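Novice: Chains as they are written, first to last, in the working numbering: chain A, 2 to 520; chain B, 996 to 1682.
Do not take every clue at face value.
Below, simulated SDA-like cross-link-like pairs (lysine to any residue); rule was C-alpha separation at most 25 Å, straight line [stated by the list, open to error]:
{"#": "1", "chain 1": "A", "residue 1": "K55", "chain 2": "B", "residue 2": "G1177"}
{"#": "2", "chain 1": "A", "residue 1": "K122", "chain 2": "A", "residue 2": "L176"}
{"#": "3", "chain 1": "B", "residue 1": "K1304", "chain 2": "B", "residue 2": "R1224"}
{"#": "4", "chain 1": "A", "residue 1": "K470", "chain 2": "B", "residue 2": "F1181"}
{"#": "5", "chain 1": "A", "residue 1": "K55", "chain 2": "A", "residue 2": "V28"}
{"#": "6", "chain 1": "B", "residue 1": "K1304", "chain 2": "B", "residue 2": "S1460"}
{"#": "7", "chain 1": "B", "residue 1": "K1620", "chain 2": "A", "residue 2": "V483"}
{"#": "8", "chain 1": "B", "residue 1": "K1170", "chain 2": "A", "residue 2": "G389"}
{"#": "9", "chain 1": "B", "residue 1": "K1027", "chain 2": "A", "residue 2": "H187"}
{"#": "10", "chain 1": "A", "residue 1": "K221", "chain 2": "A", "residue 2": "L490"}
{"#": "11", "chain 1": "B", "residue 1": "K1170", "chain 2": "A", "residue 2": "R463"}
{"#": "12", "chain 1": "B", "residue 1": "K1426", "chain 2": "B", "residue 2": "A1570"}
{"#": "13", "chain 1": "B", "residue 1": "K1235", "chain 2": "A", "residue 2": "A376"}
{"#": "14", "chain 1": "A", "residue 1": "K55", "chain 2": "B", "residue 2": "V1069"}
{"#": "15", "chain 1": "B", "residue 1": "K1170", "chain 2": "A", "residue 2": "P469"}
{"#": "16", "chain 1": "B", "residue 1": "K1107", "chain 2": "B", "residue 2": "H1412"}
{"#": "17", "chain 1": "B", "residue 1": "K1620", "chain 2": "B", "residue 2": "G1177"}
{"#": "18", "chain 1": "A", "residue 1": "K470", "chain 2": "B", "residue 2": "P1171"}
{"#": "19", "chain 1": "B", "residue 1": "K1620", "chain 2": "B", "residue 2": "Y1174"}
{"#": "20", "chain 1": "B", "residue 1": "K1620", "chain 2": "A", "residue 2": "I447"}
{"#": "21", "chain 1": "B", "residue 1": "K1235", "chain 2": "A", "residue 2": "L436"}
{"#": "22", "chain 1": "B", "residue 1": "K1032", "chain 2": "B", "residue 2": "H1409"}
{"#": "23", "chain 1": "A", "residue 1": "K470", "chain 2": "A", "residue 2": "A376"}
{"#": "24", "chain 1": "A", "residue 1": "K470", "chain 2": "B", "residue 2": "G1111"}
{"#": "25", "chain 1": "A", "residue 1": "K299", "chain 2": "B", "residue 2": "L1209"}
{"#": "26", "chain 1": "A", "residue 1": "K470", "chain 2": "B", "residue 2": "Q1179"}
{"#": "27", "chain 1": "B", "residue 1": "K1027", "chain 2": "A", "residue 2": "L238"}
{"#": "28", "chain 1": "B", "residue 1": "K1027", "chain 2": "A", "residue 2": "E429"}
{"#": "29", "chain 1": "B", "residue 1": "K1170", "chain 2": "B", "residue 2": "G1588"}
FYI, nobody ran anything at the bench for these hints, they're computed from the structure.
As the structure is a prediction and not an experimental result, all values here were calculated from the model.
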Amino acid sequence: MSVLEAPLLWFTIVAPTFIAILFQATVLGSLGPRVLAYVSSAILAIPLFLLAYKWLWGYNVLVDPLKLDLSRYNVGVIALVVDGFSAPLVVGVSLVTSLVAIYSLKYMEHRIWELEHGGLKVPGIYAYYILYNAFSSSMLGMLYSTNLISFFVFLELSLITSFLLIAYYGYGERLRIALMYFVWTHIGGALFLAGILFYGVNAGTFDILTVKEWALEYNKVYAGVKVEGLALIAPLLIILGLLVKMAVFGVHMWLPYAHAEAPTPVSALLSPNLIGIAGYALARFGLTLFPGFMESAKHYLVLIAFITIIYGGLVALRQDDFKRFLAYSSISQMGYILLGVSTLTTFGVAGAMLHYLSHAVGKAVLFMIAGVFIAEISGLRSISAMGGLARLYPTTAAMALIGFMHLVGMPPAFGMWSEMLILLGLSEAYYPGSLYDILLIAVAVIASFIVTAFYSFIAMRRIFFGRPKRGSPLEVMDEFKVSILIIALAGIILFLVVGLMIPQLRDSSLELLALGGLR
Amino acid sequence: MSGAYDPLMPWTLAWLAPYIGATVIALGWLLKVRSEKFYGYTSVLSILVSSLISTYAAYKVFSQAKPIYAGGDVVWVPWFNITLGTYFDGLSALMSLTVSWISLMIAIYSVKYMEGDWGYGRYFFFFSFFVGSMMLLVLADNLVLMFIGWEGTGLCSYALIGHWYTDEEDKWVGKPGRYVLGTQMFFEPSHSGVRAILFTRVGDLGFILGIAILYITTGSFNIIELASRAPEWMQTLASKGILAPLLLIFILGALAKSAQFPFHEWLVTAMTGPTPISALIHAATMVKAGIYLFLRITPILFTGALALKASPEVFSLVVSQLEHFFIIIALAGALTAFMLATMALVSDELKLILAYSTASQIGYMFLAAASAGLLVYTGAIETLVEGLVAGFSHLVSHAVFKASLFLIAGWLIHLAHSRFINDMGGYSTIKLTALALWLSGLSLSGIPPLSGFFTKEAVIHTAISANTLLGLAAIVTAGLTAAYTVRVIVRVLHLPPYSGHGKHKVEEAPISMLAPYLLLALASLAIGLLWPSMANIYSRMGLLTLSVGELVHLEAIVISGTTVLAVLVVLASIALIFLLYFTLKVNFPALLGRGGLYSALHNFLYDRWYINPLVYLSFVNGGAKLARSVEGVDINIDLLYHSATPSTGSLSAWSLRVLHRGRTDYYLALYLLSALVLLFLVLALMR
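Extracted from the complex, chain A is given alone in its bound form:
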């Protein structure tokens, strides 16, 4: 464990928004949006480099020195921590938000111009960055949280900021869709809140982790909270809330609208970063707060996970709008995360966290590429109007291939590791005892995972290969596309250095399961 010398984690939460406000409100604004974009990007990248640096020195836990003790009010201690379990997610959020901040520059200037051209008055680029940075920080905040209340506060912040971003800068019927998004996510949020209040009030604290002198300690008081009878409603509420946020099959309907019609840089945060955090929360809170419940719900959750993978993938196959296609693909990918978590094994849970990262990389790249075509080829979104684009955009095509490889789980993309771990988890949880078992597993795995390969490579062909349907300006590798390239390459580098994050992830997953008596 390493306590940071300076409150850098708090800094990454507070500073981006604060600086953006300064640009909006003070003379700093004359520096121009490019400066703001790069400063935001640099601050949001801090957690990534911090973790890389600490990993190289063998530390597994980062703790911010600033703590806010609210135990008087039975809330617990608000501390910020990155441990082995949240580290892959922090890397994912930090990497994507940092580079999308640069990507936003060209895209949002284009979008705001477009909206104003259409006779609408929208908040300017600085306002966008205030919301964008607050959104990004709030996701980091959720991952840093050691306390249910602070987690919920950051969750709310992320929902409100993303709601505003969609409402201001979105496409199509953006107001209606933003409202739909707001209502749906708040159904999830409210259910979640009701559930955690039950636990917190009973346990007398909302702390999940306690920062001790030498190590983090999982809070054991929850083990004393009896979950039976009417109290079973609480885990049900939490799970349902998180499943709505994850948009698994049945409660997914808001996602394709919100993620397709949000301004593309925001889509590139919503899909890769935000929804997966619900999977993280399910693992982190679910496995410790109500292990018994998770155990009894295990088979149903695995079933829902498989259905979600297949369902999202098949519907994605039918989409013509590139962004809506990606949105359905995200639903399918959430199935993988849910599958990993609901195996209730160390492998599966760790695999789900790695899958968050691989999905973050892959889907961010793909959404950003969708944005390239929107911004550079006059709003092109329809896949059937694409085709042969690789001839005009060779680097973009290569990046898209890397993105899809992350979804499919094909080395040298990071996705291979998560897929492998999830399969290990599944094999452990459902270790075949007979011919019938093994056939069932094989059919389930092959039938569901192959769908991902199908929609990925078919879309790759429809978008990039075939006879070019249009001439257009040739690809220029400006910062707009270099930001995508960096994420794509980072995905490959992560594949190579996975060994750095694996031991800590294993330890935390083991601890998490052990605390719930699941191991």
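Keeping the supplied structure of chain A fixed, place chain B upon it in accordance with the hints.
Specialist: Just chain B, lined up with the frame of chain A:
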């Protein structure tokens, strides 16, 4: 025990060098280097490094008579103890030798062949990556590393088959406009690429799931460790009755990659890539990966079972499960060998014929190794070594002659400006190319003293000792093989073209393209002539191979009734072809026009036994239909949430609003009504 391992370098470079080459090419491309020389030479150089190191390694393994194991202590992913191990034993040393040198020949050929192509840099990036991945999967000491190489070959084959992704018609495969049962039978490059990756991906998922279950069973990915603990885990799995199914799931990847029935469809449409890529896929990489994996695990399973001999009950349990496994593979191999050979008889695209031939010949290899596996009940290690060597030596023979054949095909297609053999003809004037074609073709047909003869005999011998029917299938296929090969050679070399198409200048290929295929053709001859010493090397390979480790002296060739029969069948079918083409001068296109049984049979074979339409009608169209109906469900869910629910809400709000109009008489009426209802309810409950 770090002292037990060899140093990381230079051995790791055997697979790392091509990867480094690929990385340099990619960086060069990003940094806007646009020189063909840079890409071509970087790729050739990196593969050369790999070839030299494999050669040195093979030399060391065979001279020191012990495997090289480098980097077994370099942990890459700690949790699973995934090491960066490079393991040269008898099998992998010879395999890497074959792969690297043949790839090098093809790379040299490509430098000239691809000149002026708009995807030159991309071509050589994936080429190097392909070779690196293949070397990695051959040399990996653990299953995960192997899987990474495995998927790398899949990725590169996808990219290279679809190299000309703008889908011009001259790059297609199949007769444009041909439909069977409503299914398209011609394929654009980008389509073929998708087919390749999706067909093989199905198998790969089985492979990785098998790896995962095996890991949960044993706690290890390490192949050497799995081999030494084979009796233990085989017993565990067999007692649950899941040994055979697990192995089948595991080997699904190999069947798909090596294009065995029912996965062979992807390979036959993979002809849309540049011709050297076909040579690479068929001779050195990709399809050889599957059979290599099978050759790798067969000894492990075989000796694992033998170790259990002490307790007859366990032994018979394990053996019966293994037999289930091996008989399925043997049948798949025999069926593929036969089926694809019949397709090759009637095909009219030069590369397509060679592709059918590849799948068919790999069927032979599977048949050989699986037949050895079937003999596990005999408990004799000799049968294992014979089968292993038969399979592997045929792999090497095939790699040599098939690479040569494809490279020749590349030049002939270039000369004819057409991929159809009916547009070719009269190329016997280019003497060296004709010589190379005859040598390689006869090696494929199994004519002594070329290498193909010896190895095919070995396969037939093993198959027949396991099961007479399997052996007979192999002999019939040998006859078919000779027939289609000689038919093609006669067609393109010694007959005038059917169409007036082939009026192009006929000349030898430039030296950098001629040399590779001529050398490979001569190699077929040389290996055949030196067969006694080659057989010796193969015997020693058995000794040095993981899980075998016993020196079994192999006869160079056993002349038996089977051998005579096989040679007679081959000669007879060659004679038949000569008879048809030279004496009877049958005009096949005209015959085809007349319809009847001949044309029905022709179409059945030409359309590949209708397997492609069947796959499409059941899986692809079925999947599309499923997707459509699922989308329908999705639209209904959307309506439920975002249309029905709000409507219900506003409707009920409206109906409640209607009741509250602020008029006292309404309220009074409502009050009385409700009171009455309540009263009735109370009365009803009290009864």
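Novice: Look at each hint and say if it fits the structure.
Specialist: Outcome of the hint check:
For a cut-off of 25 Å, the pair hint linking K55 (chain A) to G1177 (chain B) is broken: about 60 Å separates their Cα positions. Between K122 (chain A) and L176 (chain A) the alpha-carbon distance is near 14 Å, which keeps this suggested pair within the 25 Å criterion. A distance of roughly 15 Å separates the Cα atoms of K1304 (chain B) and R1224 (chain B); the hinted pair therefore holds under the 25 Å criterion. Between K470 (chain A) and F1181 (chain B) the CA atoms are separated by roughly 21 Å; this keeps the pair inside 25 Å, and the hint holds.
Between the alpha carbons of K55 (chain A) and V28 (chain A) the distance comes to roughly 37 Å, so the proposed pair goes past 25 Å and is violated. For the given pair, K1304 (chain B) sits about 22 Å from S1460 (chain B) by alpha-carbon distance, which is consistent with the 25 Å threshold. Straight-line distance between C-alpha atoms of K1620 (chain B) and V483 (chain A) comes to about 40 Å, which puts the hinted pair past the 25 Å bound. Restraint check for K1170 (chain B) and G389 (chain A): satisfied, since their Cα atoms lie roughly 23 Å apart, inside the 25 Å limit.
Straight-line distance between C-alpha atoms of K1027 (chain B) and H187 (chain A) comes to about 49 Å, which puts the hinted pair past the 25 Å bound. At most 25 Å may separate the alpha-carbon atoms for a hinted pair to count; K221 (chain A) and L490 (chain A) exceed this at roughly 41 Å. Between K1170 (chain B) and R463 (chain A) the CA atoms are separated by roughly 23 Å; this keeps the pair inside 25 Å, and the hint holds. For the given pair, K1426 (chain B) sits about 23 Å from A1570 (chain B) by alpha-carbon distance, which is consistent with the 25 Å threshold.
For a cut-off of 25 Å, the pair hint linking K1235 (chain B) to A376 (chain A) is broken: about 58 Å separates their Cα positions. For a cut-off of 25 Å, the pair hint linking K55 (chain A) to V1069 (chain B) stands: about 22 Å separates their Cα positions. Distance check on the hinted pair: K1170 (chain B) and P469 (chain A) sit about 23 Å apart at the alpha-carbon level, within 25 Å; holds. Of the pairs offered as hints, the one joining K1107 (chain B) and H1412 (chain B) holds, with about 17 Å between alpha carbons and a cut-off of 25 Å not exceeded.
Distance check on the hinted pair: K1620 (chain B) and G1177 (chain B) sit about 15 Å apart at the alpha-carbon level, within 25 Å; holds. Between the alpha carbons of K470 (chain A) and P1171 (chain B) the distance comes to roughly 21 Å, so the proposed pair stays at or under 25 Å and holds. At most 25 Å may separate the alpha-carbon atoms for a hinted pair to count; K1620 (chain B) and Y1174 (chain B) meet this at roughly 20 Å. Between the alpha carbons of K1620 (chain B) and I447 (chain A) the distance comes to roughly 19 Å, so the proposed pair stays at or under 25 Å and holds.
Only pairs whose Cα atoms come within 25 Å are accepted, and K1235 (chain B) paired with L436 (chain A) is accepted, the gap being roughly 8 Å. Of the pairs offered as hints, the one joining K1032 (chain B) and H1409 (chain B) holds, with about 22 Å between alpha carbons and a cut-off of 25 Å not exceeded. As the CA atoms of K470 (chain A) and A376 (chain A) are separated by approximately 18 Å, the hinted pair is consistent with the 25 Å bound. Between the alpha carbons of K470 (chain A) and G1111 (chain B) the distance comes to roughly 24 Å, so the proposed pair stays at or under 25 Å and holds.
Between K299 (chain A) and L1209 (chain B) the alpha-carbon distance is near 23 Å, which keeps this suggested pair within the 25 Å criterion. For the proposed pair K470 (chain A) and Q1179 (chain B), the alpha carbon gap of about 22 Å is at most 25 Å, so the pair holds. The straight-line distance between the Cα atoms of K1027 (chain B) and L238 (chain A) is roughly 55 Å, outside the 25 Å bound, and the hint therefore fails. Distance check on the hinted pair: K1027 (chain B) and E429 (chain A) sit about 48 Å apart at the alpha-carbon level, beyond 25 Å; violated.
In summary, the hint linking K1170 (chain B) to G1588 (chain B) is supported, as the alpha carbons are separated by about 16 Å, within the 25 Å threshold.
The structure shown violates the earlier hints numbered 1, 5, 7, 9, 10, 13, 27, 28.
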